[in-house]
Amino acid sequence: MTASTVKFPGHDGDEIEAYLARPDEARPRGGVVVIHHMPGYDRATKEMVRRFAELGYDAICPNLYFREAPGAAPDDAAAAVRATGGVPDERLVGDVAGAAAYLRSLPGANGKVGVIGHCSGGRQSVLAACHLDLDAAVDCYGAFVTGTPPEGFPMKVTNLVDQLPALRTPLLGLFGATDQFPGPEQVAELESILTRDGKDFEFHTYPDAGHAFFAVDRPAYNVAAANDGWERIATFFGTHLEA
Amino acid sequence: MCTYLTVKDEIDGSAKGAGGSWLRVSDLAVYFDHPVHAMAEHTVNIDLSDPSKGPSARVALELTAESARRLVAAIQEALAAAPPELTV
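Chains as they are written, first to last, in the working numbering: chain A, 1 to 243; chain B, 1 to 88.
With the rest of the complex left out, here is chain A (with noise of 0.2 angstroms):
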C-alpha cells in the first residue's frame, strides 16, 4: 500500500489537498471516497483511507477545510471553519465530485467509486449521492438526513428530505439504537421515504451501539457494531464496486 498527500481541484476548480491510500496490486480496483466528520481531516479518518486501500480500494480523503486552513492542526481546522458557519453542502458536493474525478483518473481505476462519512459525514455522503454519478454510498449515523429539530434546537443545518427523491445510489445505512441523532424515528422516518420512492438501500441498526460506534478513539466505540459494520461496508462496496 502507499499513502500520501495530494492535490486535486475540488468546488469551483479549487486545489485542495486530500490524503491517498492505494494498494500496490495491479488488478483493476474501485474507489471510494472518505468524507470525514466534523472534527476534521484527522489520523483516526486517515486510518480509515489506509483500511480500504487494504480492502482493495483506491480510498482518498479530500481536506474539506483546506481552503481556510491551510497545514493547520485538524482541530484547529475544524474550529476555524466552525466559526466561519461550516462547510456549504454546494462545496461539499463539488469537492466530492472532484475527488471522485481524481480517484477515476488514477491508473488502474475501474470507473466506480462509493463515497462513505461518518456522523455530519453521514448526512454529506447522501448528500453527494443525492446530486452525483457515484455507486455506492454508506451512511453511518449521519443526523439530519431527515427529521424535524426539536421545537428551539439551534439547528443550523438542513435536512435532506426534499433532496432524497434525486438519491440515484445503492445507499448502506449503519445506525446506533441508542443514539439520539439520528434518532431511531429519524432512520425510520429516512427509511420510509427510501422505500416509498422505491430506492435501493440496506439499513443496520445496532442494538446496543450510540452515535460514533466506529470511532476506535472515543468513549463511543464499540466492538462489536464496528467489526460487524466493517464487513457490511466492505460486502456493500465489493457488490457495487467491482469491475
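Keep in mind that a hint or two might mislead.
[As the list claims (entries may be wrong)] Quick list of in silico lysine to aspartate or glutamate cross-link-like pairs, EDC-like style, CA-CA up to 20 angstroms: (1) B:53 - A:68; (2) A:199 - A:133; (3) B:8 - A:68.
Hints were generated in silico from the structure; no laboratory data involved.
Mind docking chain B on chain A? Use the hints.
Okay, now just chain B, sitting in the frame of chain A:
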C-alpha cells in the same frame, strides 16, 4: 450528535497558547458537540482565538456540561466578589 450551532462573540484579553506563548484573544466560540480529546460523548467546547494570526492561534477547552456549569458559577462568583466599579 452534531449540534452544528456555534455561539460567537467578541472578547478582549489574553490566553496562553501552544508552545507556552501568550496571545491576545479577540474571538470567542462556544458549542456543545463532540470533543476532540475529552473522554465524553459531548462537551461544552470553548475556543478563545485570534483569527488574524491563523487557525492555530487558539486556546481550546472541552468541558463536561457539569464542569462548564461550575466554570460559569466560578466566574460569576469571582465577578460578584469584585468591587462593581472595577468590573464595568
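Violated constraints from the hint list, given by number and in increasing order = Structure breaks no hint.
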